[in-house]
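Protein chains in written order, with our numbering: chain A, 1 to 322; chain B, 323 to 569.
By construction, these hints were calculated from the structure, which means they are not laboratory data.
Take the hints with a grain of salt, since some may be wrong.
Pair ranges (Cβ atoms, derived) [to be verified]:
| id | chain 1 | residue 1 | chain 2 | residue 2 | range |
| --- | --- | --- | --- | --- | --- |
| 1 | A | ARG279 | B | LEU520 | 38 to 46 Å |
| 2 | B | GLY345 | A | GLY296 | 35 to 43 Å |
| 3 | B | ALA348 | A | ALA190 | 51 to 59 Å |
| 4 | A | VAL25 | B | VAL521 | 38 to 46 Å |
| 5 | B | LEU477 | A | ASP288 | 27 to 35 Å |
| 6 | A | ASP264 | B | LEU546 | 30 to 38 Å |
Where is the CB? At the ideal position from N, CA and C, for every residue including glycine.
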Amino acid sequence: MAKRTRIFLLASAGVLTAVLATGLVAWAGGAVAGSTTPDDIAYVPGNAQMVAYADVRQVMNSPFRDRLRQLDADNNAAADGFEARTGINFERDVDSVLIASTGRISVPTPSDRALLIAHGRFDAVRIEGLMRQQGAQVDQYRGKRVVAIKNDANDAALTFAGPGLLLFGAGDSVRAALDAKAGAAQGIGANTEFMALVNDVDEGTAWSVAKFDSVAGRSPLPGGIVNQLPPINWLAASGRIDSGLHGRVRAEAQDEQSARDLRDVVQGFLSLARLQGSRDPGYKGMLDSVMLNAQGKSVSLSFELTPAVLDSLSQGGAVRRR
Amino acid sequence: MSGPLLGPARRMFELALGEMLWGRRAVFMGLAAGAPILLAVVARLTLAGGSAVLVVNGSRIDSEAMFGTAVSLLYLRFIVPALGVFYGTSLIAEEIEEKTITYLFVRPMARGAIVLGKYLAYLVCVVAVVLPSAALVFVIMVPFASIGPLFGTVLRDLGVMALGLATYGALFLWAGVSFKRPLVGGLIFVFGWESVALVLPGYVRRLTIAYYLQPTVPGVATLLAVAIIALFLAMQTIERREYVLEQ
Numbered sequence: 001m002a003k004r005t006r007i008f009l010l011a012s013a014g015v016l017t018a019v020l021a022t023g024l025v026a027w028a029g030g031a032v033a034g035s036t037t038p039d040d041i042a043y044v045p046g047n048a049q050m051v052a053y054a055d056v057r058q059v060m061n062s063p064f065r066d067r068l069r070q071l072d073a074d075n076n077a078a079a080d081g082f083e084a085r086t087g088i089n090f091e092r093d094v095d096s097v098l099i100a101s102t103g104r105i106s107v108p109t110p111s112d113r114a115l116l117i118a119h120g121r122f123d124a125v126r127i128e129g130l131m132r133q134q135g136a137q138v139d140q141y142r143g144k145r146v147v148a149i150k151n152d153a154n155d156a157a158l159t160f161a162g163p164g165l166l167l168f169g170a171g172d173s174v175r176a177a178l179d180a181k182a183g184a185a186q187g188i189g190a191n192t193e194f195m196a197l198v199n200d201v202d203e204g205t206a207w208s209v210a211k212f213d214s215v216a217g218r219s220p221l222p223g224g225i226v227n228q229l230p231p232i233n234w235l236a237a238s239g240r241i242d243s244g245l246h247g248r249v250r251a252e253a254q255d256e257q258s259a260r261d262l263r264d265v266v267q268g269f270l271s272l273a274r275l276q277g278s279r280d281p282g283y284k285g286m287l288d289s290v291m292l293n294a295q296g297k298s299v300s301l302s303f304e305l306t307p308a309v310l311d312s313l314s315q316g317g318a319v320r321r322r
Numbered sequence: 323m324s325g326p327l328l329g330p331a332r333r334m335f336e337l338a339l340g341e342m343l344w345g346r347r348a349v350f351m352g353l354a355a356g357a358p359i360l361l362a363v364v365a366r367l368t369l370a371g372g373s374a375v376l377v378v379n380g381s382r383i384d385s386e387a388m389f390g391t392a393v394s395l396l397y398l399r400f401i402v403p404a405l406g407v408f409y410g411t412s413l414i415a416e417e418i419e420e421k422t423i424t425y426l427f428v429r430p431m432a433r434g435a436i437v438l439g440k441y442l443a444y445l446v447c448v449v450a451v452v453l454p455s456a457a458l459v460f461v462i463m464v465p466f467a468s469i470g471p472l473f474g475t476v477l478r479d480l481g482v483m484a485l486g487l488a489t490y491g492a493l494f495l496w497a498g499v500s501f502k503r504p505l506v507g508g509l510i511f512v513f514g515w516e517s518v519a520l521v522l523p524g525y526v527r528r529l530t531i532a533y534y535l536q537p538t539v540p541g542v543a544t545l546l547a548v549a550i551i552a553l554f555l556a557m558q559t560i561e562r563r564e565y566v567l568e569q
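Start from the sequences and build out the full structure, keeping to the hints where you can.
Encoded structure:
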């Protein structure tokens with residue numbers, strides 16, 4: 001083999017090796033450090049229909065939150081009410097929160113078993129005292145102290161599963177969470193389809209993965225339109241919050257044809273929105289950032305709310321209010 | 323097939339590899355591999371600078387999606403089949419056209435070894451050019467933060483490209499030893515038949531190579547089988563066929 005041929009082949013192999021090594025390093029780095037799935041997911045029962053997570057501390061400390069607070073300075077009533085009932089100041093005490101639901105979110109029936117898992121700094125004595133004042137009983141379950149109220153009007157339980165780790169929800173939900181953590185019942189971690197979606201979105205400051213059926217009733221779209229949508233299995237959403245909001249919504253359709261149909265439907269809505277919002281620089285800026293992708297059975301839509309867009313939206317809102 | 327195969331095939335491989343890499347057809351290969359890199363640099367600079375955005379159906383396309391498009395449309399639908407046609411058909415047909423096949427046939431080696439050696443030289447040559455090109459396009463177009471998550475996809479894409487080059491090459495090598503004007507038929511097959519068949523409903527698309535190169539189709543076994551069978555048939559055909567050289 002001629003020398004120049006040998007040199008060419010070595011150079012080619014070198015380029016390929018360098019690129020593959022870069023990819024391998026990036027992939028391994030992502031595998032080691034990139035997986036931000038919270039350990040709390042181990043508490044989520046295997047029959048959960050929806051899991052949502054928020055890094056509350058990061059959200060509260062973000063410039064985006066400051067900007068939103070400026071825009072909506074008067075709306076603190078709900079937060080004050082929550083603190084009065086539970087003794088928990090959400091902004092001050094909570095670092096992260098994970099919410100799981102095992103029922104249809106839209107229908108508040110006994111099958112709706114929401115579970116809240118929060119990390120933070122909690123005054124256990126004060127919180128338990130408040131619960132006891134409302135008639136709560138204290139029980140032991142899987143080595144944890146469960147404070148529960150169960151009567152015709154209320155079904156709520158609370159336990160501190162670890163230092164700074166609060167589990168709150170219906171009595172059955174809290175016990176199911178402790179079962180899942182102890183390995184006595186199947187946890188959501190065994191659902192590979194669900195966890196694949198979680199792994200896809202868990203790098204966001206806040207994210208959510210849900211069975212589409214479980215959230216369909218909460219859609220802002222009219223029921224008639226929701227019923228006309230192509231069949232969707234899963235919905236996943238994530239948002240990275242800093243000075244702005246970088247969001248991504250992903251839908252897993254039943255098959256590739258459904259995914260293509262869904263992309264066309266979303267495309268239609270986007271075109272309509274562009275038509276209506278073309279004169280408003282705020283909406284136009286937001287819509288310009290929208291990216292729609294369809295690959296296989298997956299359709300994803302990403303968008304950005306930059307500080308400039310927020311300013312523009314708030315100015316537009318102020319003008320309309322006047 | 324008569325006589326030993328591997329030793330002569332290796333000597334043929336070394337001879338053919340140099341000819342392919344430094345012959346006049348290498349210009350086409352260089353263009354095919356270099357143009358996507360140039361496009362990737364331009365696209366990345368343009369997107370990074372924010373001076374332009376690529377919009378398809380009213381939606382912005384990011385650099386990761388652009389890389390996916392480059393792989394599926396540029397490499398798998400154009401570069402890989404084009405290289406397969408041009409090189410595969412010319413491996414033996416060029417020797418016939420230039421009347422140099424006689425010099426190969428008078429050597430004390432099995433004719434099948436000539437085909438095998440030339441085919442392996444083609445495969446090493448195109449793989450050594452196309453795969454680094456696609457890998458460079460990947461690192462140029464995709465931001466570092468997205469390289470990790472997309473690494474598995476890129477590995478699969480590179481594997482599919484190598485498999486596509488092997489299959490197209492073997493198929494058109496067979497065409498080259500079997501037909502008098504294989505290039506025209508090859509171009510019609512790749513850019514005519516495959517383009518049409520892929521959009522036709524039913525099972526017609528299964529009669530193309532491009533169908534099995536799609537990421538959603540598990541086609542590794544089929545592509546390998548086609549490559550091996552076509553190569554075997556090419557080796558068989560050249561052993562039996564009489565080539566009458568035009569004066």
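Hint by hint, here is what the structure shows:
{"no.": "1", "hint": "ARG279/A x LEU520/B: 38 to 46 Å", "result": "holds (42 Å)"}
{"no.": "2", "hint": "GLY345/B x GLY296/A: 35 to 43 Å", "result": "holds (41 Å)"}
{"no.": "3", "hint": "ALA348/B x ALA190/A: 51 to 59 Å", "result": "holds (55 Å)"}
{"no.": "4", "hint": "VAL25/A x VAL521/B: 38 to 46 Å", "result": "holds (40 Å)"}
{"no.": "5", "hint": "LEU477/B x ASP288/A: 27 to 35 Å", "result": "holds (34 Å)"}
{"no.": "6", "hint": "ASP264/A x LEU546/B: 30 to 38 Å", "result": "holds (36 Å)"}
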